[in-house]
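2 protein chains.
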Amino acid sequence: MRLEFYDAERRFTLCRLKQYMKQEADILTRAQAGEERYSGNLGWLHVDEWAGEEKLREIETCAGRVREDGEILVVIGIGGSNQAARAVVEALSCGGPMKILYAGNNVSSQYMKQLLKQLEGKSVYVNVIAKNFETLEPGIGFRILRQYLKERNGTGYERRVFATGTRGSRLHELCRIYGYTFLDFPENIGGRYSGLCNVGLFPAAVAGMDIRAMAAGAGDMERELRNTKGEENTAFQYAAIRSLLYQEGFRVEMLASFEPRLQYFYGWWTQLFAESEGKQGKGLYPTAVKYSEDLHSIGQFVQEGTPILFETFLDIEEQGDAVSVEADEVEDGFDYLNGSSLADISRAAFEATVKAHSERLPCIRIRIDELNEYSFGQLFYFFEFACYLSGKLLGVNPFDQPGVENYKGYMFEALGKYKYRSESNGEN
Amino acid sequence: MRLEFYDAERRFTLCRLKQYMKQEADILTRAQAGEERYSGNLGWLHVDEWAGEEKLREIETCAGRVREDGEILVVIGIGGSNQAARAVVEALSCGGPMKILYAGNNVSSQYMKQLLKQLEGKSVYVNVIAKNFETLEPGIGFRILRQYLKERNGTGYERRVFATGTRGSRLHELCRIYGYTFLDFPENIGGRYSGLCNVGLFPAAVAGMDIRAMAAGAGDMERELRNTKGEENTAFQYAAIRSLLYQEGFRVEMLASFEPRLQYFYGWWTQLFAESEGKQGKGLYPTAVKYSEDLHSIGQFVQEGTPILFETFLDIEEQGDAVSVEADEVEDGFDYLNGSSLADISRAAFEATVKAHSERLPCIRIRIDELNEYSFGQLFYFFEFACYLSGKLLGVNPFDQPGVENYKGYMFEALGKYKYRSESNGEN
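The listed protein sequences correspond, in order, to chains C and G.
Everything in the first sequence is counted per my numbering, starting at 1 for the first residue and increasing by one.
Everything in the second sequence is counted per my numbering, starting at 1 for the first residue and increasing by one.
Among the hints, a few may not be true.
[To be verified] Below 30 Å or equal to it, Euclidean Cα-Cα: the simulated BS3-like pairs (lysine-lysine) are:
1) Lys117/C to Lys117/G
2) Lys122/C to Lys99/G
3) Lys355/G to Lys113/C
4) Lys117/G to Lys113/C
5) Lys113/G to Lys117/C
6) Lys117/G to Lys122/C
7) Lys282/G to Lys282/C
8) Lys282/C to Lys355/G
9) Lys113/C to Lys99/G
10) Lys99/G to Lys99/C
11) Lys282/G to Lys355/C
12) Lys117/C to Lys99/C
13) Lys117/C to Lys122/G
14) Lys122/C to Lys113/G
15) Lys99/G to Lys117/C
16) Lys122/C to Lys122/G
17) Lys122/G to Lys99/C
18) Lys117/G to Lys99/C
[Stated by the list, open to error] Looking from chain C toward chain G, a few residues come up when the C-beta cut is under 8 Å (computed):
19) Val107
20) Asp210
21) Ala274
22) Val325
23) Tyr336
[Said to hold, decoys possible] Pulled from the structure, derived: some chain G residues nowhere near chain C, Cβ distances all over 10 Å:
24) Cys62
25) Phe133
26) Thr166
27) Glu248
Note that these hints are calculated values from the structure, not bench results.
Cβ coordinates follow ideal geometry from the N, Cα and C atoms, glycine included.
Okay, chain C solo, but in the shape it has when bound (with noise of 0.2 Å):
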């Protein structure tokens, strides 16, 4: 992974750039040790303690059960507890015999109605993702799915039902009950920051992901970046670049692609730095953008809106085999791409783009190889470490959101649930 910075407009030099790493140079130096006040939520950056090979083995085992004649695994979670997975598997399954589905991560009838359909006639199971397992909509999710589980199998639906939750919570004890199998949520990783253990990689070894090479690119990454000092880190360079623009007065960080298959890793990616980063009245608004299509969208406002934007680039270098453009026999119009595959016409679209935004607006080229299971735990473990990193430039806790909790005080009364019990811990 290589990073390059362009800023044609020079709102910063490479000289400020290198004083202002040197300046928080502890930043780094703290982080790539991992502080003792926020060792309640590094569980992620030791790669090994949660997905070290024991742990890999017992994902491969549980996940084995499910595949041998399952069709379809309903994924019940919201926010950090499907977000890594859904982004891994929805970019890089196509079409195998397993089917991975969403729910409880939204509280809509029509979705709810749709997804039931869908289940049908087939051999279905479940993995609840939820760490304190106080949240509603996995709640209601999973209420309504085990239920139908157990309606359509009777007994002997239990093994059909895979909880992934901390120790000692409602989820937990449900286990113990009804016999489900229980993997744990790590009590020292936050969702946003939990692709790399049982809550991401168990979805993604069902869907039949090579869950060994995200571990590899994971771990591969947070040696790289634990070893590699100041000036030279750079997820250290990420996050100060990010940092002086927010001082230069850029309010919205764009992550841009031309790969559609980023979809949902760009829901991940947002979730990450809102969550981190938003709070204290600061922060970048992270956004994203899938091109070309958006460059007949969002493209006006990036070359010509309020100036307020800088642009990420993932670019992805290697595209695989590509369709070709074929001539035909009357002139369309289109003759000058005849003989072109799309990989060359995406890159000269994508250096197109870079220059011609990089020309009014700052920007980060970001370069990956190709995408595969790999590369995710590279960006994964990238996006984690520099967020870390940024939270810290920015002078805001990492790893709380406490910001998620207002709306909830206001449904929970709306829905009676203070009748019940009094605590509401949040959850994300």
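Once you've looked at the hints, dock chain G against the given chain C.
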């Protein structure tokens, strides 16, 4: 459709809003009449011009030919050429006999290969939509798909091709040469305003949508907005509030709803405002969130991040038949929901979110009775008219998009287009 505004911190008084609307009343009056200077772009202003009885009948006839023996319609178009149809179809069609797929909206090999795989063994029709037929993506998509159709179906494949373009364009010429069915892309409608003409209505009709209800919704909204004066006019209220919030320093408008089916409507709305207003260094950055999912992501930033956002809620009041939460034998922590329907829960979550968010940021609520073809017609017209007013208040031309051309120059150079031809007209 009703509009409400919440602003706990009173960034501006109701009195100031009324004063501002009075002061700018001329903008409304002139838009209601349709300004001469924009006459080349106001084909959407009178719904009857391109979606009157005669046009609807033509569209239904053409759509009927596809529906007779078609199983898949591939819509080839990008930006304004596919957004409106996709918004309606993806929200309302639930697994009918006719499937709509989309091509020509990216340059991904992977995407194209998966698309072609889905066509295997099916009766396929194609609707290519391109105003000037200069844009790369639909050009490539159409080339590949018509070659595919020809190879699969041999002579006679031509009846499977419907081309929506302007008269005199290369696309029109290809229709003459090959015998494809030609549909008018109105010269006086830009892509992002094209939902209520052949562009949006033909694919919608093929998908089995009630296009007469769409036209009725748009027509009713047209009459309401044309006949309602000054401060009572909801589109003018919306435009004026956005404008004052922009003046107060807000830079991002976030469209929000709890309806997952609005996903592609978000894309349509985003393009409408990004291209209409993002120019001359001005404009609100348009973005959209899917609640409740994004409450567990962007929600933190909304509640506590940099205060540059305001929020526009789409409130769909009627949810239809709802799934209920049934009691379970063991207490799982969610018994306070027993007997509630997802519609009730969704309503509680919606109200709680508006309440919590409006304590911190300005919020607009737009109430819609229910989600159907009629309300999509209303929404399209409402936002188009409001965008016209809003662009005028901002002092920009709401109908051009000069900024989307920049990257194209570099791209065409790299791809050697200029060796073939020298003109380059934008298409959006």
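Right, here's what the structure says about each hint:
Pair hint Lys117/C plus Lys117/G holds up; C-alpha atoms about 24 Å apart against a cutoff of 30 Å. Our distance criterion of 30 Å between C-alpha atoms is met by Lys122/C and Lys99/G, whose separation comes to about 22 Å. With a C-alpha separation of about 29 Å, the suggested pairing of Lys355/G with Lys113/C holds against the 30 Å cut-off. About 28 Å separates the Cα atoms of Lys117/G and Lys113/C, which keeps this hinted pair within 30 Å; it holds.
For a cut-off of 30 Å, the pair hint linking Lys113/G to Lys117/C stands: about 28 Å separates their Cα positions. Distance check on the hinted pair: Lys117/G and Lys122/C sit about 23 Å apart at the alpha-carbon level, within 30 Å; holds. With a C-alpha separation of about 22 Å, the suggested pair Lys282/G and Lys282/C falls inside the 30 Å cut-off, and the hint holds. Between the alpha carbons of Lys282/C and Lys355/G the distance comes to roughly 22 Å, so the proposed pair stays at or under 30 Å and holds.
Annotation: proposed proximity of Lys113/C to Lys99/G holds, straight-line Cα distance about 20 Å (limit 30 Å). Restraint check: the Cα-Cα separation between Lys99/G and Lys99/C comes to about 20 Å, which is no more than 30 Å; the hinted pair holds. This hinted pair checks out: Lys282/G and Lys355/C have alpha carbons roughly 22 Å apart, not beyond 30 Å. With a C-alpha separation of about 14 Å, the suggested pairing of Lys117/C with Lys99/C holds against the 30 Å cut-off.
Distance hint between Lys117/C and Lys122/G is fulfilled; the C-alpha atoms sit about 23 Å from each other, no more than 30 Å. This hinted pair checks out: Lys122/C and Lys113/G have alpha carbons roughly 27 Å apart, not beyond 30 Å. Between Lys99/G and Lys117/C, the direct Cα distance comes to roughly 17 Å. Compliance with the 30 Å bound is thereby established for this hinted pair. Proximity of Lys122/C to Lys122/G is assessed by CA-CA distance (about 24 Å); at most 30 Å being required, the pair is judged to hold.
This hinted pair checks out: Lys122/G and Lys99/C have alpha carbons roughly 22 Å apart, not beyond 30 Å. Among the hinted pairs, Lys117/G with Lys99/C is consistent with the structure: their alpha-carbon atoms are about 17 Å apart, no more than 30 Å. Restraint check, Val107/C versus chain G: the minimum CB separation of about 4 Å is within 8 Å; hint holds. Interface restraint check for Asp210/C: the shortest CB-CB distance to chain G comes to about 18 Å, outside 8 Å, so the restraint is violated.
Against a cut-off of 8 Å between C-beta atoms, the interface hint on Ala274/C holds, since the closest Cβ of chain G lies about 4 Å away. Evaluation of the Val325/C hint against chain G yields a held restraint, the C-beta minimum of about 6 Å falling below 8 Å. With a least beta-carbon distance of about 4 Å to chain G, the hint placing Tyr336/C at the interface is held under the 8 Å criterion. Look at Cys62/G: its CB is around 22 Å from the nearest CB on chain C, clear of 10 Å, so calling it non-interface holds up.
Consistency note on Phe133/G: stated as away from chain C, yet its beta-carbon is not over 10 Å from all of that chain's, at 6 Å minimum. For Thr166/G, the non-interface assignment is confirmed: its Cβ lies about 13 Å from the closest Cβ of chain C, beyond the 10 Å cut-off. No Cβ of chain C comes within 10 Å of the Cβ of Glu248/G; the nearest lies about 14 Å off, and the non-interface call holds.
Going through the hint list in order, the structure does not satisfy hints 20, 25.
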